[in-house]
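Number of protein chains: 2
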Amino acid sequence: MTGTLYLIPVALGPAAPEWLHPPASQTLTHRLTHFVVENAKTARAEIKRMGHPAPVQTLSISELPKHAPDTALDALLAPAIAGHDIGLMSEAGCPAVADPGALLVRRAHELGIRVVPIVGPSSLLLSLMASGLNGQSFAFHGYLPVKDADRIIALRELEKESRKHQRTQIFIETPYRNLSMFNALTTVLAPDTRLCVAREVTTEGEWISTDTIARWRKREAPDLDRRPTVFLVLAEASRRT
Amino acid sequence: MTGTLYLIPVALGPAAPEWLHPPASQTLTHRLTHFVVENAKTARAEIKRMGHPAPVQTLSISELPKHAPDTALDALLAPAIAGHDIGLMSEAGCPAVADPGALLVRRAHELGIRVVPIVGPSSLLLSLMASGLNGQSFAFHGYLPVKDADRIIALRELEKESRKHQRTQIFIETPYRNLSMFNALTTVLAPDTRLCVAREVTTEGEWISTDTIARWRKREAPDLDRRPTVFLVLAEASRRT
Chain A
58 MTGTLYLIPV
68 ALGPAAPEWL
78 HPPASQTLTH
88 RLTHFVVENA
98 KTARAEIKRM
108 GHPAPVQTLS
118 ISELPKHAPD
128 TALDALLAPA
138 IAGHDIGLMS
148 EAGCPAVADP
158 GALLVRRAHE
168 LGIRVVPIVG
178 PSSLLLSLMA
188 SGLNGQSFAF
198 HGYLPVKDAD
208 RIIALRELEK
218 ESRKHQRTQI
228 FIETPYRNLS
238 MFNALTTVLA
248 PDTRLCVARE
258 VTTEGEWIST
268 DTIARWRKRE
278 APDLDRRPTV
288 FLVLAEASRR
298 T
Chain B
58 MTGTLYLIPV
68 ALGPAAPEWL
78 HPPASQTLTH
88 RLTHFVVENA
98 KTARAEIKRM
108 GHPAPVQTLS
118 ISELPKHAPD
128 TALDALLAPA
138 IAGHDIGLMS
148 EAGCPAVADP
158 GALLVRRAHE
168 LGIRVVPIVG
178 PSSLLLSLMA
188 SGLNGQSFAF
198 HGYLPVKDAD
208 RIIALRELEK
218 ESRKHQRTQI
228 FIETPYRNLS
238 MFNALTTVLA
248 PDTRLCVARE
258 VTTEGEWIST
268 DTIARWRKRE
278 APDLDRRPTV
288 FLVLAEASRR
298 T
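Going down the list, the protein sequences come from chains A and B.
No gaps in the numbering here: position 89 of the first sequence is 146 in the working numbering, and each next residue is one more.
No gaps in the numbering here: position 150 of the second sequence is 207 in the working numbering, and each next residue is one more.
Some hints here could point you the wrong way.
One copy or any two copies: either way a pair holds, since identical chains are not told apart in the list.
Said to hold, decoys possible - Capping the alpha-carbon separation at 30 Å, the derived lysine-lysine pairs in DSSO-like fashion look like this:
#  : residue 1 : residue 2
1  : 275       : 217
2  : 217       : 123
3  : 98        : 123
4  : 221       : 204
5  : 123       : 221
6  : 98        : 275
7  : 105       : 123
8  : 204       : 217
9  : 98        : 204
10 : 275       : 204
Think of the hints as simulated: they come from the structure by calculation, not from any bench.
Please put together the full structure from these sequences, using the hints given.
Following this line, the structure appears as structure tokens:
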């Protein structure tokens with residue numbers, strides 16, 4: 058019988074596990090002997106930390122290749138074809154969402170391997186919940202362009218689309234560029250557009266605040282430097298100018 | 058000291074709680090005495106089921122109004138101003154994402170009340186993880202138009218945008234219209250567009266499958282009638298025609 062591909066979220070940073078994982082997620086991990094992971098070294102440490110009963114060197118832990126042809130994915134999924142369950146884990150958060158793994162999952166569907174997603178922390182979802190912005194319509198855009206001029210164009214376009222569809226626009230930035238992104242947002246966006254800054258969600262440094270651009274301009278800039286942050290923007294439908 | 062607004066996910070349907078909630082989510086719920094909920098009757102049952110130590114009639118359980126002016130939201134948040142923590146719960150899944158609650162959260166930010174999102178089940182996020190479609194760029198659109206002609210236009214537009222941005226398009230349908238939506242999707246979309254059908258995620262009836270439209274057309278139609286389902290679509294970048 059074909060095994061199952063389980064998608065197992067991991068912590069977003071240093072945090073108490075009792076806030077992050079349903080008990081069955083841990084029980085499941087303990088009985089798996091095959092893993093596909095983003096980074097083998099940190100995955101071994103994570104699997105140990107989760108209290109896996111087997112010596113970690115006896116487990117099959119394979120890394121996801123960066124650009125995977127079907128043959129490489131098939132090799133990673135071979136244990137499932139042979140009847141073993143496989144756990145897919147990324148470095149942080151939920152596999153295959155703003156993280157690698159989607160191509161492996163897609164190939165699993167093509168091969169008829171059952172895919173089961175496990176509940177766990179997602180910085181995007183938790184930030185959206187806590188933002189107070191529109192959760193009925195939203196889009197995630199990954200990283201925006203880095204160059205100033207291109208970033209300004211991208212932000213104006215996202216704001217325009219947000220206003221038209223009342224859509225919450227979600228994006229992330231390389232942590233050392235967070236302050237530069239924050240400054241661009243408060244400069245470029247309209248005063249009545251709402252911005253949520255969600256920093257280090259689920260960890261000790263968690264800090265989430267939503268305000269209008271007009272009010273952000275008067276507040277002290279938040280401490281985001283080199284700290285993982287999700288940015289969320291919602292433009293007012295009827296712009297008051 | 059001002060209380061905190063906790064956003065507490067609940068089950069998506071009949072399911073074993075050990076797969077859904079981190080232990081701290083239950084511990085937290087047990088110490089709360091103030092709740093704002095989508096439906097008071099089902100929330101009382103849920104809070105009892107979670108093993109809340111206090112008799113449920115001694116708890117303050119208020120319903121979210123459908124269209125809430127700030128004064129109504131302020132009344133709901135008054136306990137937090139008075140120093141009590143508040144739990145926000147919707148009928149199923151994560152509050153404020155494809156569910157009511159965002160306006161209350163937004164008002165909490167305006168009043169300087171700390172907002173803390175708790176990890177738990179989200180049908181949208183779990184479906185996206187398990188779809189194998191693009192998790193680096195995606196958008197949730199809620200419900201599409203019901204009328205045939207309007208739905209066809211909306212689907213064509215979503216497919217076009219998906220192809221252009223390699224964006225996964227996510228939407229839901231009223232469960233008794235799921236089969237009609239499935240038929241529209243397999244009729245309207247291009248043969249090489251990928252469709253994921255994610256039914257009753259996290260519950261006993263969970264069934265998740267991704268395939269190209271061409272192959273869906275040859276498969277037996279899935280049993281989606283009156284069963285909560287998330288639809289996800291990704292169009293190939295270079296359409297082969």
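30 Å Cα threshold - placement of residue 275 relative to residue 98: neither (44 Å within a copy, 43 Å between copies)
Within, between, both or neither, where residue 105 and residue 123 count as close if Cα-Cα is 30 Å or less: For residue 105 and residue 123, only the intra-copy Cα distance (25 Å) is at most 30 Å; the inter-copy one is 47 Å.
Identical-chain pair category, residue 123 with residue 221, by Cα at 30 Å: Answer is between: at 23 Å across copies they meet the 30 Å cutoff, but 37 Å inside does not.
Residue 275 and residue 217: within-copy, between-copy, both or neither at 30 Å Cα: within (24 Å within a copy, 41 Å between copies)
Residue 98 and residue 123: within-copy, between-copy, both or neither at 30 Å Cα: within (16 Å within a copy, 50 Å between copies)
Within, between, both or neither, where residue 275 and residue 204 count as close if Cα-Cα is 30 Å or less: Classified as within: same-chain Cα gap 26 Å, cross-chain 47 Å, threshold 30 Å.
Up to 30 Å CA-CA - residue 204 versus residue 221, copy category: both (26 Å within a copy, 22 Å between copies)
30 Å Cα threshold - placement of residue 204 relative to residue 98: For residue 98 and residue 204, the Cα distance exceeds 30 Å both inside one copy (34 Å) and across copies (53 Å).
Alpha-carbon proximity context of residue 204 and residue 217, limit 30 Å: both (20 Å within a copy, 27 Å between copies)
Intra/inter-copy verdict for residue 217 and residue 123 if alpha-carbon distance must be at most 30 Å: Between. Shortest inter-copy distance 27 Å satisfies the 30 Å Cα cut-off; intra-copy 34 Å does not.
Of the numbered hints stated above, those contradicted by the structure are hints 6, 9, listed in ascending order.
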